[in-house]
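Enquirer: Here is how the chains run, residue by residue.
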Amino acid sequence: MDAALLLANLANPPVLFFFLGMLAVWLRSDLEIPQPVPKVLAIYLLFAIGFKGGVELHKSGFDSHVLTVLGVALLAAVAVPLWTFFALRRRLGVPNAAAIAATYGSVSAVTFIAATSLLSHLGVSFSGWMVAAMALMESPAIVIGVVLARRFGDESATSFEWRELLREAFFNGSVFVLMGSLVIGAITGESGEASLAPFTSGIFKGVLCLFLLDMGLVSARRLAASREIGLFHVGFAVLAPLLHAALGIAVARMLGLAAGDALLFTILCASASYIAVPAAMRFAIPQASPGVYVPMALALTFPFNVLVGLPLYLAVINHLWK
Amino acid sequence: MDAALLLANLANPPVLFFFLGMLAVWLRSDLEIPQPVPKVLAIYLLFAIGFKGGVELHKSGFDSHVLTVLGVALLAAVAVPLWTFFALRRRLGVPNAAAIAATYGSVSAVTFIAATSLLSHLGVSFSGWMVAAMALMESPAIVIGVVLARRFGDESATSFEWRELLREAFFNGSVFVLMGSLVIGAITGESGEASLAPFTSGIFKGVLCLFLLDMGLVSARRLAASREIGLFHVGFAVLAPLLHAALGIAVARMLGLAAGDALLFTILCASASYIAVPAAMRFAIPQASPGVYVPMALALTFPFNVLVGLPLYLAVINHLWK
Amino acid sequence: MDAALLLANLANPPVLFFFLGMLAVWLRSDLEIPQPVPKVLAIYLLFAIGFKGGVELHKSGFDSHVLTVLGVALLAAVAVPLWTFFALRRRLGVPNAAAIAATYGSVSAVTFIAATSLLSHLGVSFSGWMVAAMALMESPAIVIGVVLARRFGDESATSFEWRELLREAFFNGSVFVLMGSLVIGAITGESGEASLAPFTSGIFKGVLCLFLLDMGLVSARRLAASREIGLFHVGFAVLAPLLHAALGIAVARMLGLAAGDALLFTILCASASYIAVPAAMRFAIPQASPGVYVPMALALTFPFNVLVGLPLYLAVINHLWK
Amino acid sequence: MEAVKRIEIIIDTREMREVCRTLEALGVTGYSVIRDVTGRGDRGVQSGDELTDVFKNSLLLTAAPPESLAGIIAAIRPILKRRGGVCLVTDAQWVIH
Amino acid sequence: MEAVKRIEIIIDTREMREVCRTLEALGVTGYSVIRDVTGRGDRGVQSGDELTDVFKNSLLLTAAPPESLAGIIAAIRPILKRRGGVCLVTDAQWVIH
Amino acid sequence: MEAVKRIEIIIDTREMREVCRTLEALGVTGYSVIRDVTGRGDRGVQSGDELTDVFKNSLLLTAAPPESLAGIIAAIRPILKRRGGVCLVTDAQWVIH
Ligand SMILES: Nc1ncnc2c1ncn2[C@@H]1O[C@H](COP(=O)(O)O)[C@@H](O)[C@H]1O
Ligand SMILES: Nc1ncnc2c1ncn2[C@@H]1O[C@H](COP(=O)(O)O)[C@@H](O)[C@H]1O
Ligand SMILES: Nc1ncnc2c1ncn2[C@@H]1O[C@H](COP(=O)(O)O)[C@@H](O)[C@H]1O
Ligand code: NA
Ligand code: NA
Ligand code: NA
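Chains as they are written, first to last, in this note's numbering: chain H, 1 to 322; chain C, 1 to 322; chain U, 1 to 322; chain L, 1 to 97; chain V, 1 to 97; chain S, 1 to 97.
Keep in mind the hints are simulated off the structure, nothing from the lab. Treat the hints with care, as some may be off.
With a straight-line cut-off of 30 Å between C-alpha atoms, the simulated DSBU-like cross-links for lysine-lysine are [claimed, not checked]:
(1) Lys81(V) <-> Lys56(V)
(2) Lys56(V) <-> Lys81(S)
(3) Lys81(V) <-> Lys56(L)
(4) Lys81(S) <-> Lys81(L)
(5) Lys322(C) <-> Lys59(C)
Okay, the calculated bits of chain V under chain S, using three or more residues with CB under 8 Å as the criterion [claimed, not checked]:
(6) 5-15
(7) 33-39
(8) 87-95
Quick reminder that beta carbons are idealized off the backbone N, C-alpha and C, glycines included.
Start from the sequences, fold in the hints, and give me the full structure.
Expert: Written as C-alpha cells, this is what we have:
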C-alpha cells in the first residue's frame, strides 16, 4: 500500500522534475531557470490555485463545515509556532527558535500544490476551498514568531515598526496574489472559470513541472551550501513534519474531512514556509540566521514532504479512513 | 443599463486583476511582476491579437467597407493630435502640448484588448480586422506631434534625424510585432489559426489577467509618484477620452459600424499611448516632460477607460444603435 | 514539387516569425525579446520535445529498428566531426578546425524542432523517438573536437580538466533537460502525456513562433556583426549542410526509414550546434575564435536550413521514397 | 570637472528602499541603483536564486559633494550595522554638463 | 599595473547606443555596459518598471589611457547636456595581463 | 573609515566561478557580483543576447585590505591571460560599521 503510493507519487511528472532538478545539481550540470522567471512562475501558480479555489468557494459557499475547517486551520497556525518555539528555545536561542517557529507555523504553497497534483494524479477528489485555509495559515505564524522573539528575547534588538511587520505578514506579494485571486475567483464564479480554464487549468501541471524543476535546483544548491545546518536541525526538519502531520491527520479525522481534504489539511500543518516567512524574519528578527531557517524549510522539509511525506500521509489517511 | 454594464465590466477577470494591482500599491504590498517578463507578456498580447486580426482579414478580405473604416481611422489619428496641440499650446507650452498631442492621437493597444475582452465577456461580436485600424493609428500622431513641435517651437532644440524618427514611429518594437503578426496571420489564414489557437486564443485571457495585474501596479505607482501633474492635467486626461469617444461614436454611427466594431473604433479614438509614443517623444522632443505625458496616459486615462470608459461608451452605443 | 514545398515551408507560421525577426534587424527596429526569457523558452521547447519523445519511446519500446537507428546516429555524430576537421585543418588551423568540427558534428535542437513543425504542418508522420537520436548526437562531437585539438595542436594551450569537459559535454543544461524530460516521458507514458498535453503540445507551436522570432533577431544581428567571417566560411556554412544532408538521406534510405524519420535524421546530420558546443569550445579550446564558429552555425547554417534546407531535403526524400 | 565623493552602498535589496529614503532626507537628489547583485560577506552567500528578494543585494551609487559625505555616512552606518552590507567611498571627478 | 582613467557614464538606456558609437569613433576599443540601472536625478525618477526602455538607465564603464580622457569628455558632454545623465572619472590601475 | 583597495574584475560569466573560487582560496571573504554585463574588448563584442552565457560578462567587485592586493593580482592575472577580461584597482575608503 505504502510502497505503491510512494511509487505512484514518484511517477507523477512534477515530482520527477523536482528530482531531476536535484540531480542536475548533484551531477554539477550548469542547468538553471534564470531569475526572474521562476518568480513569475510562482505568481502564476498562486494566481491559478487561488482563482480556482475562489471559483469553488463561489460554488460551495461558506457553509458551517467550511467555516469550521477554516477556524481550525487558523488555530493550527497559532498552535504550531507556539510549541515549536518553546521546544527549540533552549537549544537554539530565542531569535532562531522564533524564526523557525514562524517558518514551520506558516505553510508552503508549493507543497500544497504538489499535494493537489498528487490527488489529481490518483483521482482522489478534494475541495477547492481548502485554498482558503492555506491563505489563512500563511500569516499568523509570522506575527506570533515576532511576538515571541520580543517577549522572550532582547527587545531592543528588534527595532522595527509594527505597521511594516503587519504589512509584510498580510500583504506580502505571495499572500496578496493568492488572496486576491481567491476573491476574484469567488466574484466571477463559473463564467470567469470558463474563460480562464485553458490558462489556470490546462497548462497548470506543465508549468508546475517547470517550476518544480527550478525548486529542485534551488533546494539542492541550498543543501550543498548550508554550513550552519547540524544534525539537530536535520532531525527537526524531518521529525517536525511527521509530528505535525500526525496531529493534522488526527484533527482532520475529528473534523470528519474527506480523504483528499484531510491530506491537504495535513500538508498545511506539515509544511514550512520559505517564501513569505524568510522575508519577514530577515526584517523583523535580524539576529536569527537565514542560513539556518531557510535551508531547513527549503532544502530539507520541502523535499522530504514532496518525495516521501505526501504519499506517506496519504497512505495513513487511506488506512484510517476506509 | 449603464450600471449593469459597469458591473459586468467590473466582474470581468482582467479588469478585476487590474484593480487588484492598483490595490496592491495602495496597501503598500511588495507584489511585483519583475521585468522583463511584463515586456514579453506585452509582446505576446500584440502577437496574439495581431495574428488573430490577420486571420480575420484573410477570411473577410479588404472589401470597400473595411477600406473605408481604415481610411477614417487614419483620419482620426491625424485630427486628434492637431486639435489637441492647439488646445493645449497656450497653457502647457509647445513641447508638452506636442507630446500630449502625440500621446492622445496614438492608441493604447492594451485598452483595445481590454475592449475586445469586454465584448467577448458580454457575447457581443466584433470584426477581427479592427486590429488593422489600431495598427494604422499607432504611428501618425508621433510624426504629427514632432512636426508641430518643430513648426511652432524652437527648432534648434529638436536636433535629430528624420530617418531615426520615422523608424521610431513605424518600426518600433510594438508596432512591428503587431503589424508583422497581422501580416503573418493574413498569409497563413485558417491553417495557421488552427495550429496556434491554444496559444493565441486559449491562454489569451489568462495572460491578459496577469498583464493587467502588472499594469495596475505600474499605473498606481506612477500616479503616486507624479508630482508634475496638476488639476489641469487630470481634467484633460479624463475629459479628452470622453470627448474623443463622443466623436468616435458619432463617426462610427455615420460609418454604419456594428455595435462591437463601434466600441473598438471609439476606444481607439479615446485611448492614449504610453508605450510607443513616450519612447519617440523622449528622443524627438526632449524638452517635453515625460513626467507629464506618461502619467496622464498611463495613470489617469488608461485606468479611466478600463474601469469606467469602456462600459460607458458601450452603454451609449447600445442605446443609440438599438 | 520543390517550389510547392518551399512555399509550404515559408507559409508555416514559425518560419514566418523567424523571417520577421530577421526583417526587424534589417529595418533597424528596436524589437527584442529580452533575456532571460528566450533562455527559458528554449528550456520549454527542449522539455516539451524531450517529454513527448519519451512518451513515444514508452509506447514503441526499444525494438531493434530503434536501436539500429540510434546506433547509426551515434556513428554519424562521430564521422562528421572527423572529416570536417581534416578538411578544414590546413585552411583554418587546428583550433578553429576542431571547433568547427565539433559545431557541425553536433546538432541544433531548434532546427530539429523546426523540422518536426514542418512535418506536422504537411501532415507527414514521424517517430517521436527520433528525439532520442538527437539527444545522443549532441555530445560526442564535443569530445572528438577537443581530442583532435589536443592531438594535432599545441597541447599545452588547452589546459583544462577532462572531468570538466565531460560534464560540459554530457551534462550541460540543454542536453540535461532534453535527456531528463525524455526519461521522465518514458517513465510516465500515456498518463503523464494526458495531463501535460495542453502544455507540451497545445501551446507548443505558439511558443515556437515566439522563440523563432527571437532566433531571427539574434541570427540577423550576429550576421551583421560578424567581421571574422570570409567567403570561405560562408561557403562551408552552406555546403556542409548540403553534403551532410545528402549523406544523411543516403543512410536513411539504407536504414529503411519512413519519409518523416528520414527528414529528421537528415536534419540532425545537416544542422550545427550554437548552444551546447560554443560553451564547451570556449572553455576547452580557447584559442579558437567564437566570432567564427558561432556565426557560421547561428547566422548562416541555421537560417539556411530553416528557410531553404528543410523543404529541399524533404523534396529529395519525397522524390526518392515514392 | 568637479571633485566629488563617489559613494557605493551594497546592501540587501529589501533594505534599499530605506537607504534611498535616508539619502533623500539628507538632500541627495541623484543616485543610481543596480538591483540584481549577488555576493558573499559576513552574513553568508547571497545567491539571488530564491523566489523572494531575500538573499539578493542591490548596489547604490551616488556622486555627492565632499562636504555632504560626513552626513551621509553618519546616516548610513546604523543601517549597515543593523542589516549588514558595505559602503565604499572613492574620490572622483564629475563631468559638469 | 598601468595608470588609467576609469570613466563611468550613466544615461538613458535608449541613448547608450549613441554613447557607444561615439566612444568607438574615438578609438575606444574596450568598455562594459550594465543595462538595467534605475535611478533618480534632475529629470526625475527612472523606475525601470515600464514596458519600454524609457525610464531606465544603463551604466557604461571604460578604462582608458589618461591622454584620451579629454577627447572622450569633449565628445560625451554634449550628449549629457541634451539627454541628461552623469559621467564620473576616477583614477585607477589596470592590471596588465 | 579604513583605506582599502577596490578591485573590479570583468570576465566571461562562465569563468566567474573560477575567479570566485580563486579569491576564496586566498581568504577573501567578501565580494559582490553583477551578472549581466555586456561589453566589447580584444576578443570582440559580448552582446549577451545568446541562449548560453557565452558572449556575456560578469563584474566582480571586492574591497580588500591593501596588503592582500599583490596576492590577488598574482592569482587573477593567469586567468585573465587565458580567458580575457579586465581587472581595475582603485583606492577607496571602507565605512566601518
Ligand atoms: N569586501 C567586500 N567587497 C565587496 N562586496 C562586499 C564585501 N563584503 C560584503 N560585500 C557585499 O555586501 C553584502 C552583504 O555583506 P555582509 O553583510 O557582510 O554579509 C555581501 O553579500 C556582498 O554582496
Ligand atoms: N549624483 C548622482 N549620482 C549617481 N547617479 C546619478 C546622479 N545624478 C543622476 N544620476 C543618474 O543619472 C540618471 C539621469 O540623471 P538626470 O539626467 O540628472 O535625471 C539618473 O536617473 C541616475 O540614474
Ligand atoms: N578598457 C575596458 N574598459 C572596460 N571594460 C573592458 C575594457 N576592455 C575590456 N573590457 C570588458 O572585458 C570584457 C572582455 O575583454 P576582452 O578579453 O578584452 O575581450 C569585454 O567584453 C568588456 O566587457
Ligand atoms: Na506548517
Ligand atoms: Na487615441
Ligand atoms: Na550535425
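Enquirer: Please go over all the hints and tell whether each is borne out by the structure.
Expert: The hints, checked one at a time:
no.	hint	verdict
1	Lys81(V) <-> Lys56(V)	holds, 18 Å
2	Lys56(V) <-> Lys81(S)	violated, 35 Å
3	Lys81(V) <-> Lys56(L)	violated, 35 Å
4	Lys81(S) <-> Lys81(L)	violated, 39 Å
5	Lys322(C) <-> Lys59(C)	holds, 28 Å
6	5-15	violated (count 1)
7	33-39	holds (count 4)
8	87-95	holds (count 6)
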